[in-house]
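Whole structure, please, built from the sequences with the hints as guidance.
One-letter residues, chain by chain:
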Amino acid sequence: MLHYSRFVNVHELIMTTTVRAKELISDLQDFYSLSFRGLLGAVRRPFYLRDTIEQMDYAGPGSLAIILLVSLFIGMALSLQLSAELSRVGLKMYTGKVVGTSIIREIGPVLTALVFAGRVGSGIASELGSMILGHQVDTLRTFGVDPVRKLVTPRILGAVVMLPALTVLGDAVSLLGAYFMAVVVGRQSGAFYWSSTLETLNFENVFAGTIKPFIFGYIIACICCYMGLSTKGGAIGLRKTTTKAVVLSFIMIIVCDFALTRILLIVFGYNP
Amino acid sequence: MIVFDEVTFSYGSRTVLKNISFSIEASEKVAILGGSGEGKTTVLKLVLGLLRPDSGKVLIEGEDITEKGEDELREFRIKFSIVFQEGALFDSLSVKENVAFGLREYTRMSEQEIDEKVRALLQRVGMEDSLDLMPEELSGGMQRRVAVMRSLAAFEPEMFLYDEPTGGLDPVNADIVYNLIAELSGEGRGFVMVTHEVLSATRASERFLFLQEGRLIFDGNKEKLFDLDVPEVQLSVGQWKECLGL
Chain A
2 MLHYSRFVNV HELIMTTTVR AKELISDLQD FYSLSFRGLL GAVRRPFYLR DTIEQMDYAG
62 PGSLAIILLV SLFIGMALSL QLSAELSRVG LKMYTGKVVG TSIIREIGPV LTALVFAGRV
122 GSGIASELGS MILGHQVDTL RTFGVDPVRK LVTPRILGAV VMLPALTVLG DAVSLLGAYF
182 MAVVVGRQSG AFYWSSTLET LNFENVFAGT IKPFIFGYII ACICCYMGLS TKGGAIGLRK
242 TTTKAVVLSF IMIIVCDFAL TRILLIVFGY NP
Chain B
14 MIVFDEVTFS YGSRTVLKNI SFSIEASEKV AILGGSGEGK TTVLKLVLGL LRPDSGKVLI
74 EGEDITEKGE DELREFRIKF SIVFQEGALF DSLSVKENVA FGLREYTRMS EQEIDEKVRA
134 LLQRVGMEDS LDLMPEELSG GMQRRVAVMR SLAAFEPEMF LYDEPTGGLD PVNADIVYNL
194 IAELSGEGRG FVMVTHEVLS ATRASERFLF LQEGRLIFDG NKEKLFDLDV PEVQLSVGQW
254 KECLGL
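Residue numbers (my numbering), protein chains in the order written: chain A, 2 to 273; chain B, 14 to 259.
It is worth saying that the hints were derived from the structure and are not from the lab. Honestly, I wouldn't trust all of these hints.
Below, simulated BS3-like cross-link-like pairs (lysine-lysine); rule was C-alpha separation at most 27 Å, straight line [claimed, not checked]: (1) K245/A x K23/A; (2) K93/A x K23/A; (3) K151/A x K233/A; (4) K81/B x K31/B; (5) K151/A x K237/B; (6) K151/A x K92/B; (7) K70/B x K92/B; (8) K233/A x K23/A; (9) K151/A x K109/B; (10) K70/B x K81/B; (11) K42/B x K70/B; (12) K245/A x K233/A; (13) K70/B x K31/B; (14) K92/B x K81/B; (15) K233/A x K31/B; (16) K23/A x K31/B; (17) K237/B x K31/B; (18) K81/B x K23/A; (19) K151/A x K81/B; (20) K93/A x K245/A; (21) K233/A x K237/B; (22) K81/B x K130/B; (23) K42/B x K237/B; (24) K42/B x K235/B; (25) K31/B x K42/B; (26) K151/A x K93/A; (27) K233/A x K81/B.
So this is what it looks like as structure tokens:
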């Protein structure tokens with residue numbers, strides 16, 4: 002009897018795992034299809050210019066204030082912390098260089114993407130989810146309008162264009178914040194600090210720092226659109242998909258940042 | 014016009030329609046009745062090809078639409094005008110933009126022509142003063158009237174599909190919506206209405222289908238419907254008799 006019950010449990014476990022695996026594969030297939038079709042919509046008619054501009058406006062100017070604010074304080078905090086640590090080992094004069102490299106290559110793109118996912122990504126997921134629940138997406142389809150081209154492509158374009166722009170502005174404000182803390186508060190030499198910061202604005206760092214936001218923007222828009230369009234089950238379902246969209250975006254930003262950093266270091270000839 | 018041939022449909026492991034078969038002519042006035050979650054809205058979505066059945070065929074004017082792609086389905090979808098529950102107006106667009114949606118997508122009308130057509134359609138339902146209002150500023154009844162006019166703006170549908178057309182409406186607004194349904198079906202075009210409100214359905218419909226536990230348990234006229242021994246119908250008949258003092 003005991004053996005039989007164990008057999009049944011193992012059988013159930015295998016069946017459940019198989020069903021879950023199939024669902025996961027099917028979800029991934031749908032996600033890749035949506036991501037690809039969403040991108041393809043940018044180069045195929047019909048073009049929804051008005052929707053794209055609306056999305057850019059929502060994603061870009063709408064997020065600017067919060068991104069600048071967060072970037073400013075992160076730059077100031079980083080400058081304070083690093084100048085304290087570096088002065089302990091007599092390397093305080095390198096604060097500008099270390100802060101600059103950190104902000105341009107890593108902290109700027111990742112931080113901006115995280116804030117963007119929190120603000121714009123959650124908005125995309127909840128808006129599309131609410132359109133699904135209110136049958137607005139079905140209505141679009143009955144009008145013969147492809148929801149991917151009308152809803153997903155403008156959001157992808159909005160994110161891919163605006164996130165890099167926001168990152169550059171965020172980086173600039175971060176560097177200014179760091180300069181203020183180091184020079185005005187920390188009494189370092191302004192000219193030296195600034196010249197060491199400018200040294201970090203070389204092709205390698207700027208390329209690494211600006212390629213990432215394009216990829217992060219695409220990932221955020223695809224994940225949030227997919228999650229929003231998969232919404233089921235009323236208000237609770239909407240809450241779940243919005244949360245999932247933001248959490249998954251956060252995870253993918255961090256994972257992709259690691260992968261991109263590794264790839265870019267190899268590309269630029271640093272292979273530890 | 015619409016033929017369901019042994020259609021089965023499931024949401025995950027829950028089968029909502031089990032081997033359903035029926036046919037509806039374009040001029041018929043049909044109500045699909047049943048309790049909540051019995052697959053009534055699913056039937057409408059299958060008619061439009063918004064969902065694909067697990068098995069069986071859905072034929073529109075003799076053509077099986079179950080294997081057709083989105084682009085091919087468009088020519089079938091424009092034969093119908095659907096009004097989803099609560100109207101499903103695009104909440105980022107004003108009343109005018111909602112009604113003009115199909116016109117902008119599918120016609121090359123000038124702004125002035127669009128404006129004139131939208132005003133004429135809204136005048137028909139007494140809403141010409143609501144052009145610039147947003148959907149959230151409208152009552153439930155107004156939203157449904159706008160939705161009906163939106164579906165009429167760009168195409169000439171052969172049949173109307175209504176999903177719970179008066180669900181959640183007060184009696185006055187429900188009456189306005191029913192009058193609109195009657196007016197539009199008076200133009201020789203039939204409709205399929207899905208609702209759980211048995212008595213309301215009998216105001217405009219002539220044929221009734223009843224779904225229960227995924228099966229079609231009734232297909233007939235009003236008199237036969239009132240003899241149907243299911244709680245949804247008998248409760249409604251009881252309320253009706255009570256109102257009349259019978």
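Numbered hints the structure breaks, given as an ascending list: 2, 5, 20, 21, 22, 26
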